[in-house]
Amino acid sequence: MDKDDPTRGADTHWSQVAQRHYEPNGNGELTTAIVYTIAEADGVSPSEVKSPPLYEVVDASAIEDAFFGPDVAGDSRQGVGTVEFRYNGSLVKVRSDGWIQVYEPTEADLS
Amino acid sequence: MAEESNTDEQATSDASASPEKQLPPPSILEIEPVYQALGHPRRRYLCYTLYEDTEWSLTDLATKIAAWENDIPDHAVTENQREEVYVSLYHAHVPKLVDEGVITFDEATERITAAEHAEQVLTALEGMGASLNSRQETHARGDMNEKEN
Chain Z
1192 MDKDDPTRGA
1202 DTHWSQVAQR
1212 HYEPNGNGEL
1222 TTAIVYTIAE
1232 ADGVSPSEVK
1242 SPPLYEVVDA
1252 SAIEDAFFGP
1262 DVAGDSRQGV
1272 GTVEFRYNGS
1282 LVKVRSDGWI
1292 QVYEPTEADL
1302 S
Chain P
204 MAEESNTDEQ
214 ATSDASASPE
224 KQLPPPSILE
234 IEPVYQALGH
244 PRRRYLCYTL
254 YEDTEWSLTD
264 LATKIAAWEN
274 DIPDHAVTEN
284 QREEVYVSLY
294 HAHVPKLVDE
304 GVITFDEATE
314 RITAAEHAEQ
324 VLTALEGMGA
334 SLNSRQETHA
344 RGDMNEKEN
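Those protein sequence lines, which keep their order, are chains Z and P. If you're matching positions, the first sequence starts at 1192 in the numbering used here and goes up one per residue. If you're matching positions, the second sequence starts at 204 in the numbering used here and goes up one per residue.
No wet-lab data here; the hints were simulated from the structure. Note that beta-carbon positions come from the ideal geometry of N, C-alpha and C, so glycine has one too. Be aware that a few hints might be false.
Reference listing, derived: stretches of chain Z covered by chain P, where coverage requires no fewer than 3 residues with Cβ under 8 Å from a Cβ of chain P [unchecked claim]: (1) 1202-1214; (2) 1247-1257; (3) 1273-1280.
From chain P, some residues computed to sit far from chain Z (all C-beta separations above 12 Å) [claimed, not checked]: (4) Asp-263; (5) Asp-302; (6) Arg-314; (7) Thr-316.
My request is simple: use the sequences and hints to build the entire structure.
Okay, structure coming up:
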C-alpha cells in the first residue's frame, strides 16, 4: 500500500518518458490508450504489459465517462482535471484534454 | 439448501425488527451481472462468442472480435487490430466479466471459460439482440444462427 501513498516521496523527482493523445471519438478505448502509453514508456509491445491488469489499478471506464462522456444537453461538459495513479512504480496521468503521460522516478537529484 | 433456508428464517425475523435495512436475497438480484456484462459492445461480442464455444484462447477471441468490429473475415485481421482488442480484453473486459461471474480466466494459459452466470447473460442477449442490437451485431448473430442451423 505504501506505493499508493500520495504523500510518499515528496522529494521524488519524476520525468516524463512517454505521452499519447487519446481521441475519445476514435476507435480505441481509454484502457487501451493508457496501456499503449505504459508500453511505450517501458519499451515493450502493448501485449507484453501484463501485470497487473489495469482493471485492478484504476477504473478507466469511470475516467472515460468523467472526462470524455457523452454530451449533456447538447454540449460537452467543460470540467478540467487530471487523474493520477501509480502503475508498477511509474506515475500515470490522464488529463481531461486527452493527454496521457507516463513518468518515471529519476535518481537522486544530480545537481 | 437446508442451511440456506435457516438463514432465510433468521433474516425474516430480523427484517421484522428493521425492514428498511434488509436487502433482497442475492437470488433475485441475479439480473445485475446481465446489465454489467452487456454494458459495453466488446463485452457483448465476447458473450456472443460463448454461443459458439464455451472455451476460448484470448488471442483467438481478440481475432474474432476484431473481425466482427471491422466486418472482415478472421484471416484478414491485422496484427495491430488484434493487439488493440487483445489489450482491451486483457486489461478491462475479461476481468470485468470474471468479477460478474460470467467467465473464468486462466492467467497461465490465457484461456477463458464460461462460468455460472453465462447462461442468463446469453438468454438475455438472445431476447434483446434482435430488436435493440440488430444493426451493430448482425454479423455476430449471423455466426450464431449459422451455428444453430
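Here is what the structure says about each hint:
Residues of the region 1202-1214 of chain Z with a Cβ under 8 Å from some Cβ of chain P number 0, which does not satisfy the need for three, so the listed coverage is violated. Given a C-beta distance limit of less than 8 Å, the hint that chain P covers the region 1247-1257 of chain Z holds, as 3 residues qualify and 3 suffice. Residue count for the region 1273-1280 of chain Z with a Cβ under 8 Å from a Cβ of chain P: 0. That is fewer than the three needed, and the coverage hint is violated. Residue placement check: P/Asp-263 keeps its beta carbon more than 12 Å from all beta carbons of chain Z (closest about 14 Å).
Its closest Cβ contact with chain Z, about 8 Å, brings P/Asp-302 to no more than 12 Å, contrary to its assignment away from the interface. P/Arg-314, annotated as away from the interface, keeps every beta carbon of chain Z farther than 12 Å; the closest lies near 15 Å. No Cβ of chain Z approaches the Cβ of P/Thr-316 within 12 Å, the least distance being about 17 Å, so the stated non-interface status holds.
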